[in-house]
Amino acid sequence: MNNTLANFDEILRQAQDYGLPQEKKRAILREYLQTKILSLIYQEAVSKNLFFVGGTALRILWGLDRFSEDLDFDSVGIEPGQIQKLVKTVIHRLERENTLVEFYQNTTAKKHYYELRFPNLLGKLNLSSNAGEKLMIKLDIESTWQGQKRETVFVNRYGLLATVVTKPLNQMLIEKLAAYLGRKETQTRDLYDLVWLLSRGIKPDLAFAQINHLPPNLLLGARKKYMREKKLLLKSKIKLRPFLFDERKDSNLDFFANLINL
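Residues in the sequence shown are numbered consecutively from -4, following the numbering used here.
There could be a bad hint or two in this list.
[As the list claims (entries may be wrong)] Cβ-Cβ distance ranges computed for the label pairs, FRET-style:
#  : residue 1 : residue 2 : range
1  : 139       : 222       : 36 to 42 Å
2  : 215       : 1         : 51 to 57 Å
3  : 119       : 176       : 21 to 27 Å
4  : -2        : 215       : 26 to 32 Å
5  : 206       : 1         : 46 to 52 Å
6  : 242       : 163       : 38 to 44 Å
7  : 206       : 101       : 38 to 44 Å
8  : 102       : 39        : 17 to 23 Å
9  : 9         : 222       : 22 to 28 Å
10 : 90        : 222       : 46 to 52 Å
11 : 178       : 90        : 33 to 39 Å
12 : 222       : 95        : 14 to 20 Å
13 : -2        : 208       : 43 to 49 Å
The hints are simulated quantities; they were obtained by calculation from the structure and are not laboratory data. The beta-carbon is built from N, C-alpha and C at its ideal position, and this holds for glycine as well.
From just these sequences and the hints, can you work out the full model?
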């Protein structure tokens, strides 16, 4: 039997110990699978040059209080063939545990997108009224950033262990600011993550921004964009709420401008 199906009650019990809202079982299932995938990735030697970043990194490594959907990585000096081999190794190991995985990929010169689709979980766990619905986890691996500082974080969740390569929060802040400013359509999750980082006193690594040809006034640019779009905040909050542990914390978005010390 599929290990995830067999152990889901135990996964929910552990999630409760971590303070996760029990009514969000689908998000807990996704987070368990994300953690499982991470533990498999960082068993491989090539992963020493794979920096785990983005919202899911903030969630799993640093305790961000929202669920996140994708696994994002910065790749340094890893050949495309090595990345594909790594992903296929992860899939093979999942399948050895009787977890059926469908695999899709889209590769460009600088970015590698992989979709892992799990076709037999949501229906069997009564997490979807559509028995054929597939839970999807995307792996987004890019090699566009330079000057990363290496940090490692030990992960011990759901009985899964890994030493994960990442970067300092002040560099993660730069990447989040660049994402917030660079998207044509604002993603509220970027704004929520920025509030979370800034409220913890994280300051941007301006040298990292300079190496990556970003302007030094990213915070000012972010504040200006926030003020332009402030009237749209209510609609944005509605989209954000399903990802929050406590949906009342959507009000944190109101304080973004206050957190920027110009």
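Hint by hint, here is what the structure shows:
For residue 139 paired with residue 222, a C-beta distance near 28 Å fails the hint of 36 to 42 Å. Roughly 52 Å separates the CB atoms of residue 215 and residue 1, a value that falls within the hinted 51 to 57 Å. The supplied range of 21 to 27 Å is broken by residue 119 and residue 176, whose beta-carbon atoms lie about 42 Å from each other. For residue -2 and residue 215, the Cβ-Cβ distance of about 49 Å falls outside the hinted range of 26 to 32 Å, so the restraint is violated.
The hinted window of 46 to 52 Å between residue 206 and residue 1 holds, with their beta carbons roughly 48 Å apart. Taking the beta carbon of each, residue 242 and residue 163 are about 30 Å apart, not inside 38 to 44 Å as hinted. The given range of 38 to 44 Å is broken by residue 206 and residue 101, whose C-beta atoms sit roughly 28 Å from each other. Between residue 102 and residue 39 the Cβ separation comes to about 19 Å, which falls inside the hinted range of 17 to 23 Å.
At roughly 42 Å, the beta carbons of residue 9 and residue 222 sit outside the given window of 22 to 28 Å. For the pair residue 90 and residue 222, the beta carbons lie near 50 Å from each other, so the given range of 46 to 52 Å is met. With their beta carbons about 35 Å apart, residue 178 and residue 90 fall inside the hinted range of 33 to 39 Å. Residue 222 and residue 95 have their C-beta atoms about 48 Å apart, which leaves the hinted 14 to 20 Å range violated.
The given range of 43 to 49 Å is respected by residue -2 and residue 208, whose C-beta atoms sit roughly 45 Å from each other.
When each numbered hint is compared with the structure, violations occur for hints 1, 3, 4, 6, 7, 9 and 12.
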